[in-house]
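Quick note, the sequences are listed as chains S and F, same order.
For the first sequence, the working numbering begins at 789 and goes up steadily by one.
For the second sequence, the working numbering begins at 789 and goes up steadily by one.
If you're looking for bench data, these hints aren't it; they were derived computationally from the structure.
The beta-carbon is built from N, C-alpha and C at its ideal position, and this holds for glycine as well.
There could be a bad hint or two in this list.
[Unchecked claim] Covered, in the sense of this in silico footprint (three residues per stretch, anywhere, with C-beta under 8 Å from a C-beta of chain F), are these stretches of chain S:
hint : region
1    : 985 to 996
2    : 1010 to 1017
3    : 1035 to 1049
4    : 1052 to 1065
[To be verified] Taking lysine-lysine and the DSS-like style, the derived pairs with C-alpha atoms no more than 27 Å apart in a straight line are:
hint : chain 1 : residue 1 : chain 2 : residue 2
5    : F       : 1003      : S       : 1003
6    : S       : 988       : F       : 839
7    : S       : 827       : S       : 839
8    : S       : 911       : S       : 1093
9    : F       : 827       : F       : 1093
10   : S       : 879       : S       : 903
11   : S       : 1120      : S       : 827
12   : F       : 1120      : F       : 827
13   : F       : 879       : F       : 903
14   : S       : 1003      : F       : 911
15   : S       : 839       : F       : 988
16   : F       : 1003      : S       : 911
17   : S       : 1093      : S       : 1109
18   : F       : 944       : F       : 1109
19   : F       : 1109      : F       : 1093
Protein chains: 2
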Amino acid sequence: MLQTSKLMLVVMGFVVLTCGSNAVGGQDPLPSWSAGQAKQAIVDFVGNVTKAGSPAFVPEAARIATFDNDGTLWAEQPMYFQMVFALDRVKALAPKHPEWKDKEPMASLLRGDLKRALAGGEKAIAEIVMVTHAGMSTVEFEQIVRDWIATAKHPKTGRLYTDMIYRPMLELLAYLRANGFKTFIVSGGGIEFMRPWAEKVYGIPPEQVIGSSIKTRFEMRDGTPVLMRLPELNFIDDGPGKPVGIQMHVGRRPLAAFGNSDGDLQMLQWTAAGSGARFCLYVHHTDAEREWAYDRASSTGRLDKGLAEAKAKGWTVVDMKSDWKRVFVFEK
Amino acid sequence: MLQTSKLMLVVMGFVVLTCGSNAVGGQDPLPSWSAGQAKQAIVDFVGNVTKAGSPAFVPEAARIATFDNDGTLWAEQPMYFQMVFALDRVKALAPKHPEWKDKEPMASLLRGDLKRALAGGEKAIAEIVMVTHAGMSTVEFEQIVRDWIATAKHPKTGRLYTDMIYRPMLELLAYLRANGFKTFIVSGGGIEFMRPWAEKVYGIPPEQVIGSSIKTRFEMRDGTPVLMRLPELNFIDDGPGKPVGIQMHVGRRPLAAFGNSDGDLQMLQWTAAGSGARFCLYVHHTDAEREWAYDRASSTGRLDKGLAEAKAKGWTVVDMKSDWKRVFVFEK
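Use the sequences and the hints to build the structure in full.
This is the structure we're talking about:
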């Protein structure tokens, strides 16, 4: 009986361990990352904050990791994927809106002249967003997003947008979670545009998705409660809005933050300013062949001030070309 | 070897089960609840949605339970505890604000004439809230709340406010979590007023606390990033705001919702309107001896329409006097 009890303890120990950790001894948890400074910095940081007795040890509850989405978890070229969604929705809705033929920016858009449609700047974009993202219930909008994401294809690769996700970042998300981190998306993109697929694709549940939003209103529709999406801005989760969004949704400062553009800079600053060990990482798009190469001069995902600050502060910068063995999840 | 493998499987099954559940066979998980309809309804519902193969089974990820705070998890008489906090803060700040002596509602408040101070209605309350809740960083405000909650005493019982918590509800929170539920607070109270103590007291981490809020702004103060609390309303998480707040923070509809007033009605309606099994519960304050007895005529925590709808819809109504063996956590 002693023998059996001992065996049981061993087995229980093993099983209890695997309840909280997917890390299996000996296997590289980050196989798509080349050996190098970036990978080493990640592994060192996680080792430090999770090692019991280490001066840098952080209890699980405080292991918050926040990730930008566009350009950090999935691609963002030649334009933000949510903008493609909005343009597709304008085309789908056009038959019900004959008046759009004579109204900018819709008129140019429907003629296929995207450049002219967007020449109206933020006002034009806001109008496109509102007509495509508001005027329906939250349940209806979720279904619209589900239908689009299941079928729409990227113009360059011909892949589903959910295939345009970076495999190294998926491994990183899983590695952090296996080490007791709670992973959040903190994106300038729409919160309700990401939630319908983020759990399946990233393993991030809706309650850990933070993003920009329009207002909603509780209404009774034929005796059934609905949340109607209103054409009114609620919150922009970008730049200085990211720490605000993190405080609103998470209520604690991240232990680690991951971004790729100047729109993530304040999130990284806010994270770095916390006490004890903190980790900040920028993905630098340097691979024109497998992905895209852009930084200071790009209108989408501009990385200028952030790159300078990363160098000055010693944050980790991923050189996509050399640090990632594979880029997208569809690569063998 | 076969014998051992079989044993290991059995043991692993046992251990895996206990990873997700604190329920220990034979022990009553709700000992402060009297046997009766309310307790039975809770246990039946949890059994139904967690039993594999049951037609009502719900996967863990969707087991969202939302709880009102004032009057549902802790008491709310003779006035909302956060209002006491605000009044205490006015007194603490008064020496730095000599001008308050001649300015309502502060003047009456500082003379101890609460009734006259609040005679100005919502405008007076908003002014008291803003001068006591804004003008400092989020980190500073958190410390102010921590200091107050550690020392302030309830005027009737002389107990700490964190002792004015209902033991049956603590048991219910733990019971739900042991059965794979994620528990959220959804309160009309201030989100940043609850977060500093909700984890320790309720086991609910900051990222699962939803409440009313004022706006914050990211700023650099001597090179250090801060989030400044602004005297500007951001969101009221009450009544029709509760489903809106739930959608914003959780992104899915609750499986179960718990409240005590008409301010929770829309949350319960929104929950009940979901597909499959749902659970809605009202705590009815019926115990004038151990707590307070109030409903339709109360200005704090009025329960009128909600009580009617609960009866019409067959929601569970807790009769505090008969359903709870003990009320507060400080009772033996």
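**Prompt:** Does the alpha-carbon distance linking residue 1109 of chain F and residue 1093 of chain F stay inside the 27 Å limit?
**Reply:** Holds, at about 21 Å.
**Prompt:** Per the coverage rule (Cβ-Cβ under 8 Å, at least three residues), is the region 1052 to 1065 of chain S covered by chain F?
**Reply:** Coverage by chain F holds here, the residue count being 4 at a Cβ distance below 8 Å.
**Prompt:** Between residue 988 of chain S and residue 839 of chain F, is the straight-line Cα distance small enough, at 27 Å or below?
**Reply:** Roughly 24 Å separates the two Cα atoms, so the pair holds.
**Message:** For a C-alpha distance cap of 27 Å, please report whether residue 1003 of chain F and residue 911 of chain S respect it.
**Reply:** Holds, at about 24 Å.
**Prompt:** Does the alpha-carbon distance linking residue 1120 of chain F and residue 827 of chain F stay inside the 27 Å limit?
**Reply:** holds, 21 Å
**Message:** Hinted pair, alpha-carbon criterion (27 Å max): residue 879 of chain S, residue 903 of chain S. Please report holds or violated.
**Reply:** The hint holds at about 16 Å.
**Request:** Mind taking a look at whether chain F covers the region 1035 to 1049 of chain S? Criterion is 3 or more residues with CB to CB distance under 8 Å.
**Result:** holds (count 6)
**Asked** Counting residues of the region 985 to 996 of chain S with a beta carbon closer than 8 Å to any beta carbon of chain F, are there 3 or more?
**Response** holds (count 5)
**Prompt:** Does residue 911 of chain F lie within 27 Å of residue 1003 of chain S when you go C-alpha to C-alpha?
**Reply:** holds, 24 Å
**Request:** Compare the distance between the alpha carbons of residue 879 of chain F and residue 903 of chain F with 27 Å, and conclude whether the hinted pair is satisfied.
**Result:** Given that 27 Å is the threshold and the Cα spacing comes to 16 Å, the pair holds.
**Asked** Are three or more residues of the region 1010 to 1017 of chain S within 8 Å, CB to CB, of chain F?
**Response** holds (count 3)
**Request:** Assess, step by step, whether the Cα of residue 944 of chain F is no farther than 27 Å from the Cα of residue 1109 of chain F, and give holds or violated.
**Result:** Holds. Residue 944 of chain F to residue 1109 of chain F sits at ~19 Å (cutoff 27 Å).
Checked against the numbered hints above, the structure breaks none of them.
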